[in-house]
Amino acid sequence: PRLLSGLGQTSRLVGMVCPGLHSIYAGLTLDLTDPTDSRDGIGYDVIRTDERFRLVDLAVHGDGLAGRVSAFVRHPPVAPPAMAELARHVSPREFAGTRALVAGGSRGLGALTAMLLASGGASVTITYARGRDEAEQVRGLINAARTPQTCVRLAYDAFMPAGPQLAEAGPITQLYYFATPHIFPQKPAHFASNVFHTFAHVYVDAFHECCHALQPRPGAVFYPSSVAVEQRPADMLEYAMAKAAGEMLCDDMRAAGWKILTSRLPRMLTDQTATVARAETADPVAVMLGVIRRM
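Just so we're aligned: 230 in our numbering is position 230 of the sequence shown, and the numbers increase by one with no gaps anywhere.
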């Protein structure tokens, strides 16, 4: 029990003590010692930091363990811009008359899109799967800046039937589909079938079902694809394949009369893409405002 306790405490050390909040537990190398002769609990010393990679190495000791734990310090989650800042980019009535459903509007690009639409006078419904508190925060920011009826939130899980969940959405003139699973999942091999099927369900099956669940049909639909389809970044094969399949579906839906805008969005800084090292990213406000105006 002492050894198991010590192992568990290394996780608490990384996430809550050092480096603390937003850290990523990278690995450990430990020797087992005699727990009866060690201190109660574990202690630590910082033995190395590397600012280039935001890496911290810790020496740990206690509860029958002695060795080294490594952790990365993530950048804090990306908060949406203030409504007052976004209002500088649009006229107050630019999107008046638009009733938009933003699937996945509780965070990231979905939240930003909802806030831009509302800044231009649109009414928005944002959906969330698990982030109810995040959705409530976005709703509060929008309604405080506009009117108490500008934004409403709605629970929507892409892995559940869309019809019953979206029945209360009412007439929608535009759909923005940002529903997504975690973009950078851990996987054991170059190609993981279960990871691909998860992406494909959300980006193909659930997207198609979401479009048809809204009655009457939205006047315009936005499907966010990604430059990953052509660039194929390392470890994003399944994601790129699923997005490519979604593009094919959109092509066929357009041939059947749907008005669907697809765009291979560049990498932008969101809470999903804010990892350890800062990568070059596009300005999400400029990119999404261009999309909304095309819609």
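Honestly, I wouldn't trust all of these hints.
Subject to a maximum C-alpha distance of 20 Å in a straight line, what follows is the list of computed SDA-like cross-link-like pairs (lysine to any residue) [unchecked claim]:
1. 259 with 293
2. 259 with 234
3. 187 with 201
4. 259 with 194
5. 187 with 236
6. 259 with 25
7. 187 with 25
8. 259 with 245
9. 259 with 241
10. 259 with 187
11. 259 with 216
12. 187 with 27
13. 259 with 247
14. 259 with 295
15. 187 with 291
16. 187 with 24
17. 187 with 200
18. 187 with 169
19. 187 with 157
These aren't lab readings, by the way, just hints derived from the structure by calculation.
Okay, the hints, checked on the actual structure:
Among the hinted pairs, residue 259 with residue 293 is consistent with the structure: their alpha-carbon atoms are about 15 Å apart, no more than 20 Å. Our distance criterion of 20 Å between C-alpha atoms is broken by residue 259 and residue 234, whose separation comes to about 33 Å. Between the alpha carbons of residue 187 and residue 201 the distance comes to roughly 18 Å, so the proposed pair stays at or under 20 Å and holds. Among the hinted pairs, residue 259 with residue 194 is inconsistent with the structure: their alpha-carbon atoms are about 31 Å apart, more than 20 Å.
Simply put, residue 187 and residue 236 have alpha-carbon atoms about 10 Å apart, close enough for the 20 Å limit, and the pair holds. Using a Cα cut-off of 20 Å, the hinted pair residue 259 and residue 25 is violated, with the two alpha carbons roughly 45 Å apart. Among the hinted pairs, residue 187 with residue 25 is consistent with the structure: their alpha-carbon atoms are about 16 Å apart, no more than 20 Å. A hinted pair counts as satisfied when its Cα atoms are at most 20 Å apart, and residue 259 with residue 245 qualifies at roughly 18 Å.
About 23 Å separates the Cα atoms of residue 259 and residue 241, which puts this hinted pair outside 20 Å; it is violated. As the CA atoms of residue 259 and residue 187 are separated by approximately 36 Å, the hinted pair breaks the 20 Å bound. Restraint check: the Cα-Cα separation between residue 259 and residue 216 comes to about 13 Å, which is no more than 20 Å; the hinted pair holds. With a C-alpha separation of about 16 Å, the suggested pairing of residue 187 with residue 27 holds against the 20 Å cut-off.
For the hint linking residue 259 to residue 247, the alpha-carbon distance of about 13 Å falls within 20 Å, and the restraint holds. For the given pair, residue 259 sits about 9 Å from residue 295 by alpha-carbon distance, which is consistent with the 20 Å threshold. For a cut-off of 20 Å, the pair hint linking residue 187 to residue 291 is broken: about 33 Å separates their Cα positions. Our distance criterion of 20 Å between C-alpha atoms is met by residue 187 and residue 24, whose separation comes to about 17 Å.
Taken as a hint, the residue 187 and residue 200 pair is honoured in the structure, with Cα atoms around 16 Å apart against an allowance of 20 Å. Between residue 187 and residue 169 the CA atoms are separated by roughly 36 Å; this puts the pair beyond 20 Å, and the hint is violated. Between residue 187 and residue 157 the CA atoms are separated by roughly 23 Å; this puts the pair beyond 20 Å, and the hint is violated.
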